[in-house]
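What follows is the residue order along each chain.
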Amino acid sequence: MNARWLRLTALLSIPMLWLVVLYLGSIAVLLVSAFWSLDGFTGRVVQVYTLGNLQQLFVDPLYGTVALRTIGVALAVTVIDAVIAIPIALFMSKVAQPVARTALVVAVTTPLWASYLVKAYAWRVLLAPNGPVAWMTGGHSPGYGLAATIITLSFLWLPYMIIPVFAGFDRVPDSLFEASFDLGAGAWRTLRSVVLPLVFPAVAAGSIFTFSLTLGDYIAVGIVGGKTQLMANVIYGQLVTANDQPMAAALSLIPLAAIILYLLAMRRTGALENV
Amino acid sequence: MTDTQRGDSTPAAALGTNTDSDTPQISLRSLRKTFGSVVAVDSVDLDVADGEFFAMLGPSGSGKTTVLRMIAGFETPTSGQVILDGRDATALPPFRRDVNTVFQDYALFPHMTVQQNVEYGLRVHGVAAQERRRRAGEALDMVRLGEHGARKPTQLSGGQRQRVALARALVNRPRVLLLDEPLGALDLKLREQMQLELKSIQREVGITFVFVTHDQDEALTLCDRLAVFNNGRIEQLGGAQEVYEHPATQFVAGFVGSSNVISGEAARAVLGRDGAFAVRPEKIAVVPRESAAAGPGEVTVAGVVQDVVYAGSITRVVVAGPAGLTLSATLLNSEPTDTAVVRRADHVTLRWHESAMRSIAASAATPAPTDHS
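Taken in sequence, the protein lines are chains A and B. Each residue of the first sequence is one higher than the last, beginning at 1 in full-length UniProt numbering. Each residue of the second sequence is one higher than the last, beginning at 1 in full-length UniProt numbering.
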């Protein structure tokens with residue numbers, strides 16, 4: 001081993017240790033413990049191989065319902081964020097003058113400095129049964145529940161969608177839009193045939209954030225979700241309230257599988273090739 | 001500036017002009033464009049005839065590209081009119097103009113194949129799929145890329161992308177094709193080849209080509225007529241030969257080819273008159289001092305050779321004359337010899353005919369470079 005190898009090893013050992021031991025290691029422990037069980041009498045984990053927890057996932061209809069609801073919420077948040085982010089990012093990248101563009105970048109990223117809890121509580125106040133939204137809409141506030149959860153999560157993760165889409169638009173030369181107009185296409189046609197296909201990879205990259213962050217959220221839904229249960233609440237409940245670590249591990253396989261399937265689906269579209 | 005009459009009378013322009021229509025394909029009237037406090041284009045009047053190969057030549061920042069973009073519809077004039085085929089198009093968006101553009105960076109859609117790129121304009125206009133495929137195939141054949149339809153633009157070389165951009169614009173059969181520095185990104189050999197190809201394609205399709213370039217060789221090679229831009233204005237408008245042989249201003253004399261400008265004290269010392277005069281280096285003969293005798297209508301200047309630059313087909317000789325005058329002469333290396341005709345520090349006489357010398361006006365704007373090539 002020469003000096004160059006030594007330096008490289010020294011440089012990479014700590015990050016590799018972090019990645020392999022702490023991150024992949026903990027996921028491996030999680031996977032293994034999903035096949036253990038809990039001694040209901042003593043409350044201790046019994047390290048004996050069993051498929052009981054996995055069976056429970058399919059037998060208990062609650063888990064299936066919550067899983068579908070969670071994936072539905074994650075998809076809804078992703079679509080809402082994409083629909084809001086595309087025009088904002090297009091404006092920031094191609095229309096705004098330098099000063100307005102900087103102001104918008106600041107406006108989009110500033111909420112990331114504020115605490116997550118503050119933003120979630122702000123929405124709790126806004127959406128309260130007699131809060132500002134109810135007052136402005138004449139009592140048509142969605143109140144606390146599924147809709148409030150989707151609104152709050154869409155707001156929380158919006159910057160994670162806008163920033164990659166903005167970067168995506170910045171990579172598309174203006175001349176491509178001009179070429180489309182020049183060849184006879186109007187604004188809508190250009191949007192559909194040129195703009196959207198070209199920023200799709202950026203939207204896909206952003207959607208990985210919005211989708212996976214929503215799958216893992218259990219705080220916002222606790223604050224504005226009323227009685228709504230999402231997957232992460234159920235896992236949290238099993239782990240902390242029921243103290244059933246193996247069942248929590250089995251349940252967490254659902255969002256893990258969902259995000260793996262989502263990444264595979266994104267890869268099939270070819271969106272991840274040039275990220 | 002209304003030099004249109006003069007320009008139209010040149011033989012090249014007459015050949016390219018469609019006789020069944022006297023309406024110019026493009027008319028620009030007092031066109032002006034400002035960006036903030038910067039005047040990019042100022043009072044440009046221009047008529048381009050049907051079927052003409054027209055060049056807009058000028059240094060960067062001279063306003064030529066802005067004029068092209070106003071013809072295409074990408075920029076709205078601050079004032080003035082853009083008239084296309086007799087109709088006022090000043091306020092029309094680009095997709096309502098019968099004009100197509102070949103962009104400097106080609107602007108091929110990276111997510112489409114070559115075939116889809118070429119078909120795009122036809123698809124937008126609702127041409128049926130079969131007809132679309134046939135016409136796109138023809139257009140690709142014309143630019144010798146018939147076999148490459150299934151490729152993506154990233155799989156093509158620069159020259160091939162350039163030809164796809166050309167096919168994509170021409171397939172729509174526009175009345176006018178605009179080309180923005182079309183050959184700027186290509187290397188020299190490819191550029192020369194594409195120049196010939198562009199010229200033959202223009203003859204084949206017979207529509208008006210307007211192209212923007214900063215390369216005076218390219219402009220002279222390709223165009224029937226050209227407009228020389230400087231500081232947002234047209235300095236001179238005319239046929240290629242006319243602009244080269246009769247530069248109207250000091251700027252044109254310096255920018256289109258290179259010129260020796262003799263003015264002020266030097267003009268009085270050498271020519272015995274006041275004014276500014278331009279003479280092309282290739283019009284000047286370098287003769288040994290002893291055999292120098294001015295014939296009728298000839299100008300002679302005695303000087304010392306400062307520099308001799310051998311450049312293959314030609315040799316450039318720089319001679320210091322009286323009153324601080326420096327003249328450069330170009331000699332064609334036509335003799336089968338290995339020895340230099342002139343050497344540094346030789347005492348020589350420069351000789352040219354009065355008729356090769358042009359009286360020029362000083363440019364309205366900043367002093368032009370006197371030697372640009």
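Heads up, a few of these hints could be off.
Derived CB-CB ranges, DEER-like [said to hold, decoys possible]: (1) A/Arg7 <-> B/Pro59: 37 to 43 Å; (2) A/Val48 <-> B/Ala150: 45 to 51 Å; (3) B/Val287 <-> A/Pro173: 27 to 33 Å; (4) A/Pro173 <-> B/Leu92: 36 to 42 Å; (5) A/Ala96 <-> B/Ala128: 36 to 42 Å; (6) B/Arg133 <-> A/Leu12: 33 to 39 Å; (7) A/Arg7 <-> B/Ala150: 43 to 49 Å; (8) B/Gly206 <-> A/Val95: 49 to 55 Å; (9) B/His246 <-> A/Gly186: 56 to 62 Å.
Just so you have them, the derived chain A footprint on chain B, three or more residues with Cβ under 8 Å [what the hints assert, rightly or not]: (10) 118-129; (11) 265-273.
For the record, the hints were derived by calculation from the structure and aren't laboratory data. Idealized CB from N, CA, C, for every residue including glycine.
Okay, the hints, checked on the actual structure:
Roughly 51 Å separates the CB atoms of A/Arg7 and B/Pro59, a value that falls outside the hinted 37 to 43 Å. Distance hint check: the CB atoms of A/Val48 and B/Ala150 are about 59 Å apart, inconsistent with the given range 45 to 51 Å. Judged by the Cβ atoms, the range 27 to 33 Å given for B/Val287 and A/Pro173 is violated: they are separated by roughly 56 Å. Checked against the hint of 36 to 42 Å, the pair A/Pro173 and B/Leu92 fails, with Cβ atoms roughly 24 Å apart.
Separation of A/Ala96 from B/Ala128 is about 40 Å and conforms to the stated range, judged on CB atoms against 36 to 42 Å. Taking 33 to 39 Å as the suggested C-beta distance range, the pair B/Arg133 and A/Leu12 does not conform, at roughly 53 Å. At roughly 47 Å, the beta carbons of A/Arg7 and B/Ala150 sit within the given window of 43 to 49 Å. A hinted range of 49 to 55 Å is violated for the C-beta pair B/Gly206 and A/Val95, which are about 39 Å apart.
For B/His246 paired with A/Gly186, a C-beta distance near 46 Å fails the hint of 56 to 62 Å. With a cut-off of 8 Å between beta carbons, the region 118-129 of chain B has 4 residues touching chain A; three or more are needed, and the interface restraint holds. Taking a C-beta to C-beta cut-off of 8 Å, the region 265-273 of chain B contributes 0 residues in contact with chain A, too few for the three needed, and the coverage statement is violated.
Checked against the numbered hints given earlier, this structure breaks hints 1, 2, 3, 4, 6, 8, 9, 11; the rest are met.
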